[in-house]
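**Q** Residues per chain are reported as follows:
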Amino acid sequence: MSDAAQITESAELSWRGETSSPFGVHWNKLMMWVFIVTDGLLFAGFLGGYGFARLSSPQWPDQLEVFHIGVIGLMTFILISSSATMAMAVRAASRGERTVVVRFLLMTLAGGLLFLGMQAYEWTGFIREGARLFSNPWGPPQFSSYFFVITGFHGSHVLTGATILAITAARWSKGRSSAEGIELAGLYWHFVDLVWVFIFTLFYLV
Amino acid sequence: MTKGSSETGYGVYWRAWLVLLALTLMMIFLDQASVSRPVLVSILLIAMLVKASVIGAYFMHLRFEKLSLALVVGVGLLVTGAILFFFIAPDAVRISRISFP
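Protein sequences appear in the order of chains Y and D.
Under numbering that gives the first Met the number 0, the first residue of the first sequence carries the number 0, and numbering increases by one thereafter.
Under numbering that gives the first Met the number 0, the first residue of the second sequence carries the number 0, and numbering increases by one thereafter.
It should be emphasised that the hints constitute simulated quantities derived from the structure, not laboratory data.
Ideal Cβ placement from N, Cα and C applies to all residues, glycine included.
Warning: the hint list may mix true and false statements.
Going by beta-carbon spacing under 7 Å, a handful of chain D positions derived as facing chain Y [claimed, not checked]:
# : residue
1 : I27
2 : V34
3 : V38
4 : S41
5 : G75
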C-alpha cells in the first residue's frame, strides 16, 4: 500500500473513531458533542449577560418573594429524575432490552412534558402578576427580560428534546433505531438537564 | 457507549440521582436559611459545579470516555464561560458605581 493510501485509510478510520481518533468516538457522537459545547456557550452567553445585568443594577428583586421556590424545586426534581431514566434507557439499549428501553424513554418523555407544563404554569403566574418582556412590578426591567429569554430558550430545548424522545421511542419500538441513536438522544437530554442546573442555581437561588 | 460503561448496571444511575437530589434539597434549604451571603453563594456555586460534574461524568458517560474528550468538553465550556463572565464583570461593577446627574 502506498503512503498516500495508508494516510487516507488512517484518516477514514480516525474519523469513524475506530483507531487513533484523539477522542475515540464515532463521528456522529463527536458531532453531538460539538453541538452540545456550542449550544452550551450560547447559554453561557445568556448567563454571563444576566450576571452583568445583576452586578450593574443597584437593586435586584428577592427571588424568594417573586418565585414559588417549591414549584421550581419540583421542576428540578422532575428534570433530574428524567435524566436518570434516560441514562437507564441508554444502558438498556446497549444491553438490547427492547421493551425496557421504550418504558424508560416514555418515563423520560413524561418527565419532560411535566416540566414543560409546570413551566407554563410558572410563566402564567409571572405574567398575571404584571411581568412583561421589558417591564415588571419588582424593579429592574432586565429581571423579567432575562427570565423570559433564559427560561424560554431552555424550555424550547426541553420541547425539542421531548419531540426527539417521542420520535426515538417510536423508531426504537419499530426496530428502526440503534443503541447509538438512543445514546445521542440521551446526550441531548442530559445537556438540557445540565443547563437547568446552572439556571436553577444562578437565576433562582443566587 | 464506550469502554467501562458496559461493566456498570443501573445502580450507578440511582446513586447519581440520589446525589443530585440531595444536593438540590440542600441548596433549597440553605437558600431559605439565615446564612451569610458570601458563604451562601460559595456553597451554592460549589454544589452547582458538583451537580454538573455528576451529570457529565455519569449520565453523559464522560467518565467512561477518553480523557481528551472529557477535557475538551468540560474545560472548554467552564473556562470559556468563566472568561466571558470575568471579562465583563468589572465593567458591570464600574457602571453600578457611576452616578448620573
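**Q** So, for every hint listed, does it hold in this structure?
**A** The hints, checked one at a time:
no., hint, result
1, I27, "5 Å, holds"
2, V34, "12 Å, violated"
3, V38, "12 Å, violated"
4, S41, "10 Å, violated"
5, G75, "6 Å, holds"
Violated hints for the displayed structure, listed by number in ascending order: 2, 3, 4.
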